[in-house]
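Given these sequences and hints, build the entire structure.
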Amino acid sequence: MNQIEPDSALSDDAVRHVAHLSRLALNNEEFAGAKKDLTAIFTHIDLLKSIDTSGVEPLDHPTELTNNTRDDTVGDSLTQEQVLANAPATKDVYFDVPKVLGGSA
Amino acid sequence: MSSVNIQDLDNFNAFHEVWDETESCSGSLQGMTIAIKDNIVTKEGTTTCGSKMLKGYKSPFNATVVDRLICAGATLVGKTNCDEFAMGSSTEHCAWGPVLNPWDKTRVPGGSSGGSAVAVAARMCNAALGSDTGGSIRQPAALCGIVGFKPTYGTVSRYGLVAFASSLDQIGTFTQSVNDTAKIMHVIAGHDEFDSTSNPEPLPDFLGNLNTPIDNLRIGVPSQYRGDQNDPAINTAITAAIETYKNIGATIVDIDLPLTDVGVSTYYVLAPAEASSNLARYDGIRYGHRTSEKCKDLIELYAKSRAEGFGAEVKRRIMLGTYVLSSGYYDAYYNNALKIRRLICEEYKEAFSKCDVILGPTTPTVAFKIGEKTDPVSMYMNDVYTANTNIAGICGISIPCGFSEEHGTPLPIGLHLQAQWHDDVKLLRIAQMFESSTMFHKQSPECCS
Chain A
1 MNQIEPDSAL SDDAVRHVAH LSRLALNNEE FAGAKKDLTA IFTHIDLLKS
51 IDTSGVEPLD HPTELTNNTR DDTVGDSLTQ EQVLANAPAT KDVYFDVPKV
101 LGGSA
Chain B
1 MSSVNIQDLD NFNAFHEVWD ETESCSGSLQ GMTIAIKDNI VTKEGTTTCG
51 SKMLKGYKSP FNATVVDRLI CAGATLVGKT NCDEFAMGSS TEHCAWGPVL
101 NPWDKTRVPG GSSGGSAVAV AARMCNAALG SDTGGSIRQP AALCGIVGFK
151 PTYGTVSRYG LVAFASSLDQ IGTFTQSVND TAKIMHVIAG HDEFDSTSNP
201 EPLPDFLGNL NTPIDNLRIG VPSQYRGDQN DPAINTAITA AIETYKNIGA
251 TIVDIDLPLT DVGVSTYYVL APAEASSNLA RYDGIRYGHR TSEKCKDLIE
301 LYAKSRAEGF GAEVKRRIML GTYVLSSGYY DAYYNNALKI RRLICEEYKE
351 AFSKCDVILG PTTPTVAFKI GEKTDPVSMY MNDVYTANTN IAGICGISIP
401 CGFSEEHGTP LPIGLHLQAQ WHDDVKLLRI AQMFESSTMF HKQSPECCS
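Chains as they are written, first to last, in our numbering: chain A, 1 to 105; chain B, 1 to 449.
Read the hints as simulated data drawn from the structure, not as lab findings. Any given hint might turn out to be false.
Unchecked claim - The following label-pair restraints were derived from C-beta to C-beta distances: (1) A:SER11 <-> B:GLY31: 38 to 44 Å; (2) B:ASP297 <-> A:ASP76: 50 to 56 Å; (3) A:PHE31 <-> B:ASN247: 54 to 60 Å; (4) A:THR73 <-> B:GLN229: 25 to 31 Å; (5) B:CYS447 <-> A:THR66: 26 to 32 Å.
Said to hold, decoys possible - Just some of the chain A residues that point at chain B, by a computed CB distance under 10 Å: (6) ALA9; (7) SER11; (8) ALA19; (9) ALA32; (10) PHE42; (11) ILE45; (12) VAL56; (13) VAL74; (14) THR79; (15) VAL93.
We put the CB at the ideal spot given by N, CA and C, even for glycine.
So, in structure tokens, the structure goes:
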């Protein structure tokens, strides 16, 4: 049997932490909803605890393919104009972004 | 079929965009009108994934499947609405409004490829492409009374499919017949050097022997697929489908798939985990929505842009996935789910040693009312019979097998057939055996016959 510790009710701190890691600025209503929904979902997911997985190797992908690469040859690529075409803000030939320094990552 | 017709016919919000005649070559799909789910990129029009995040996004390239359809002469008619980033089972979670079921406009068409299913069910076009990560083709096909096929993982290139959960996503088809499924698969299947997970082995011929029945067909019926969790009309239709197969010579084999019940839970660890990583690219910098609020730093810009651009279900899944991958929870949730994934594969291998195909209902219920399922867990249970197909990467198809008359209007029921890795052609032949013995696929909703 596995050692999953269910978070039957996620704490405010846990939800705040996961929202930060997810890069999602939630308002108060969304925060409360997320807490309620994630708690319900994790309660359901805890069904997985009933499965004996001792000695089982994880399987992260359904194919057995490895190193399935194409030839390393020069081909067409997007133009600068194409790359910038969908950007929300550009300046000359660059993506325009607000000041990066000064905040905390 | 002209685009004007589609706009006139689309009383269901199936299309996000209807195109004028697009250029195509001559080929095996000449004369066939095909719609494209809005999470598959096209140079024509926009690709929004049903999200405000990608409103107005214009792809600089076509998905491989789109190029192949054009080269085969298909007429592409437009983009169909879907649940945002293909996350949902009802197509209610679309930034451009819910899609309505043509059999009963107060009900959902299923999802996430609801628009594609409705476009075909309401006879607005001959076929549509969708994507299936946990049932997103087969479930809406069942709820709309048409054929929906999810090929074996790696059979169809994912290049140009906007990534949701890369180890589960697979492009497939919506059609009015198994024959049309085979015709389109013949064109879109096959190795693509731009998708490193696409199968490099040569594929069998999808068309050649489609009408040749399988000799000594063994059909596995798991006890877990039948019971009180299903609508009574669905159990009745499945019993009748089994009788149909018996009448054409198939042997029914009892099999056991005890991990059916944990499939949804496994899926809702694995799929959100991959989604949280894949959707990290939407940062409001190079493309996609950017907040107009003033931000003190780049992280705040990301967080506000994403909060404004994504809808509730997408946010929920990103947080769920981020949580199960986060320090302290990775082993307990994500890695454990990967172990169960192997057990699910082994369970299928064992089952397929006894049968050619596994039979059951595609969904436990017929189409439900719009707004009926408000809590996420009950919505997720729609995938109970379809999620494990993706977890294992095998192929599955939903074909029409009856109607429920319990709701005042006939509502379609889907027969779900699953076959093992790379048995796609065999699966279509087995589906064709059923279709050629029944008339369910010929029925269309009253509005659109």
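Verification of the supplied hints:
1. A:SER11 <-> B:GLY31: 38 to 44 Å: 60 Å, violated
2. B:ASP297 <-> A:ASP76: 50 to 56 Å: About 37 Å separates the Cβ atoms of ASP297 of chain B and ASP76 of chain A, which means 50 to 56 Å is violated.
3. A:PHE31 <-> B:ASN247: 54 to 60 Å: 58 Å, holds
4. A:THR73 <-> B:GLN229: 25 to 31 Å: About 54 Å separates the Cβ atoms of THR73 of chain A and GLN229 of chain B, which means 25 to 31 Å is violated.
5. B:CYS447 <-> A:THR66: 26 to 32 Å: 50 Å, violated
6. ALA9: It is violated, given that the least Cβ distance between ALA9 of chain A and chain B is near 14 Å, above 10 Å.
7. SER11: Result: violated, 12 Å to nearest chain B Cβ.
8. ALA19: With a minimum Cβ separation of about 6 Å from chain B (threshold 10 Å), the hint on ALA19 of chain A holds.
9. ALA32: 12 Å, violated
10. PHE42: It holds, given that the least Cβ distance between PHE42 of chain A and chain B is near 8 Å, below 10 Å.
11. ILE45: This hint holds: ILE45 of chain A lies near chain B, its Cβ roughly 5 Å from the closest one there, short of 10 Å.
12. VAL56: Hint on VAL56 of chain A: holds, closest Cβ of chain B at ~4 Å, below 10 Å.
13. VAL74: 14 Å, violated
14. THR79: 8 Å, holds
15. VAL93: 13 Å, violated
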